[in-house]
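Here's the letter readout for the chains.
Number of protein chains: 2
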Amino acid sequence: MNGASRVVGEKTLQDIMEIPRSIDAIRENFDSLKEVAASIVNRNCRCLYLTGCGSSYYSAMLMSIPLQIHRPKLNVRVIPSSEILMYLINTLSEECCIVAISRSGETAETLEVMKRGRERGTYNVIITISEKSESIKYADEYLYINVGVERGIVMTKSFYSMSLAGLLITLSMVAGKSSDMDLELDRLKEHAINTIEKRSIIFRLAENYINMGINRFIVLGSGPSYPIALEASLKLKESSYVAAEAMHALEFRHGPIATLDKNVLVVIINQDGKSYSYVYKLYEELRNIGANVLRLSNKDLDEDTLPLSKTSYEELDALSAILLLQLITYGYTLASGLDIDSPRRLVRVVTHY
Amino acid sequence: MNGASRVVGEKTLQDIMEIPRSIDAIRENFDSLKEVAASIVNRNCRCLYLTGCGSSYYSAMLMSIPLQIHRPKLNVRVIPSSEILMYLINTLSEECCIVAISRSGETAETLEVMKRGRERGTYNVIITISEKSESIKYADEYLYINVGVERGIVMTKSFYSMSLAGLLITLSMVAGKSSDMDLELDRLKEHAINTIEKRSIIFRLAENYINMGINRFIVLGSGPSYPIALEASLKLKESSYVAAEAMHALEFRHGPIATLDKNVLVVIINQDGKSYSYVYKLYEELRNIGANVLRLSNKDLDEDTLPLSKTSYEELDALSAILLLQLITYGYTLASGLDIDSPRRLVRVVTHY
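So the sequence lines, in the order shown, correspond to chains Z and X.
Per the working numbering, the first sequence runs over residues 97 to 449.
Per the working numbering, the second sequence runs over residues 97 to 449.
If you're looking for bench data, these hints aren't it; they were derived computationally from the structure.
Just so it is clear, the structure is predicted and the values come from calculations on it, not from any experiment.
What you were told as hints is all true, and nothing was included just to trick you.
For chains that are exact copies, the list does not tell them apart, and a pair is met inside one copy or across any two.
Under the rule of at most 25 Å between Cα atoms (straight-line distance), these lysine to any residue pairs were calculated in the SDA-like manner:
(1) 211 x 168
(2) 211 x 448
(3) 169 x 138
(4) 169 x 236
(5) 358 x 306
(6) 169 x 190
(7) 294 x 113
(8) 395 x 449
(9) 169 x 134
(10) 169 x 141
(11) 107 x 354
(12) 358 x 438
(13) 169 x 191
In isolation and in its complexed conformation, chain Z is listed as follows (with noise of 0.2 Å):
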C-alpha cells in the first residue's frame, strides 16, 4: 500500500517522458563520454568485455554493434555478466577491458565480474544513472549519466539514456570524421518528443491488440535492432506477463514461423541500413500468409508501420524503436487491467546470484 494515492503506471509513463531531456542530458556528458572512448582505445587492450544483466546486457549488446562492423580485429565478447562469472573469469587479465552497464551500479553479478576482473588486472568502465554506488571501488571509469531516478522498476528511460551513453562511446571508437553528432541528438530528440505526443494513439493501438486476442509477441531486428528486440521482449514479459520472444529477423524462416497463429503479433524493427531490404522483404512475405505484424521504420512507411527517427547512424534509429516499444508495452499493459509499476516478484537491484 502506498501512502498517497497513484494512477496505475504513473511512474513508468513519467520515466518514459523524460526520455527527451535524457538525450540532453547526455549531450551535456558527451566529451566525458569521447574521453571514456579514448581511453579505451588508448589501452589498446586485445579484448573487449561488453557486459551486463537483463535490459543493461542488452544496452552492452547494443554497443556492441559499431565495433563488430568496423574493428574486426578487436575481440569483442558481449556475454551477460552470470555467464562471465561461471565460464569466463580465468580468461580476464590485463589486455582485457570490461565495460559494465548497471543502472544501480550494484548488480550483484556485474559487481562480481569487475571485482573479480581487477584482482587480474582488468581495465574496468562502468556506466550508470546511480550518481554513488558500490561499484566505484571496482571501476577505473565511473561514467554516471544523470538523467535523474528512475520511478519504475522496469527499465525505461534507464535503459534508453544508458543504451545511447554506450553507442556514443562506440561511435567515438569508429569515427572515421568527425560527425557532427549534435545534429544526430537533435533528431533522436525530436523523435522522442513527437511520439511522446502521440502516444494516445500507440495506446490506443496497443489497447487494439487485446481486443483482437494478442497474447503472444515475436519481436524481430537485425544488427542494432537485435538487442532492441530483445529488450522489447523483456518489458513485455516483465510488464505484461506475455509470452514475447526476440529474435534475428532472417531466422524466422528458419523454423520459428512454424507458430504463426491469430493470437500472434509479429514486430518488425526494419530501419534503414544495411538489413532494410531484406527484412523488409521478410515484412512482405509475412503479411502475405496474413501474419498479424506491426512494424517501425524510416523508409516506405505505410499504415502498419510506425516510424522511427532518420539519423545518419542505423544504430540510433534501431534505439529509437525501443521507445515506441516502451509505450506499446504500458498501454497493453494497462489494458490488461495489470500495474506496471508494480511488476510481480521483481526488485529494482537484483543483489544475489
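Following the hints, put chain X in place on chain Z, whose structure we already have.
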C-alpha cells in the same frame, strides 16, 4: 498426401532412435575431425567465424564453448549466417576461418557467406550430413558426417550429430592431454540408448504437461547448455507451435521471473560443471515459489529430474539433454494432436532470403 499409409510422427521418431548409431558413425570419423581441427589451428587465423541458420546456428554456438573458455586470444564470433551476410561481409579476410554448419549443405544464407568469404580469402570448413551439396564449391574442408539421411523436416539426429562433430573438433583444438574420447563417446552412447529405452516414460511426462494446461515453455541453460536450451525451444516452436523461449539461466531473475504462471513450464538444464551450483540454487528457488519445473541433470537426481549423461566434459553432457528434450517435444506434439513430421509452413531447406 503420402502414397503409403504411415504412423503420425514415425519419421522423426526413427531419426531420434538412430542417435546411438550416429554416435558410432562420428566415432569412426574421429580422425578426420582431428585433421580438420589441426587444419584450423595450423591456419593460425586471427578470427574464427562459427555460423549456420536455425538449429545449425545453435550447433555452431555449442562448438564455440570450449574455445571461448580455453582460447581467449582467439577472436571467436558465433553469428547467424544472415547477420554476417547483411552486416559483416567486410570483416572477412584471409586472416579468418569460417566453420559453417548446414544439414543440407545448401542453406541459402550459409552458402552465400561461404561464397563471399572465399572471394575475400577466408578458409572455409563445412560440417554437413549431405554427401554432396552445393557448398562443396566454396569449401576448403568438406566434412561429411555419414549418419544417413534425416527423414523428418525438423532437425533431430542431424542436430545431435553435427553438434557432436563440431564439439569434437573444438575439444581437439583445446585438448591439453590426449583424453580418452572413445570412453566419453561410450558414455554418451549409453545415455542415448538408455534414454530411448525409457521413451514411453518421457512421452507420458509430456502428455501430462498437456493435461496440466502447460502451453508455454521457458528453457534455461548456462555455458554449453544455453545453445541446447535455444535448440529445445526451437523444436517446441516448430513442432507444437507453442511459445517457447530460451534464456541464460541466471538472466531469468533479471525480469523474466515476473512472467511465471500456472501454464508455464520452466525447463532447467543443470549439467554438472562450472555453473552447477548456481543453477541448482535457481532451481530450488523456483520450486519454492511453486513454479512448474523440469530439471535435467547428472547430479543430485530427484523426482523432478531427468538424467543427463555423465562424461568428463560438460559440453557433451549438455548435448545429451537435447535427446531428452526432443523426446519431450515429440510426446508433447503427439499428445497435442499434431504431426511432428509435417510442421506447417516449414520446408526442408530454406533456399531464399
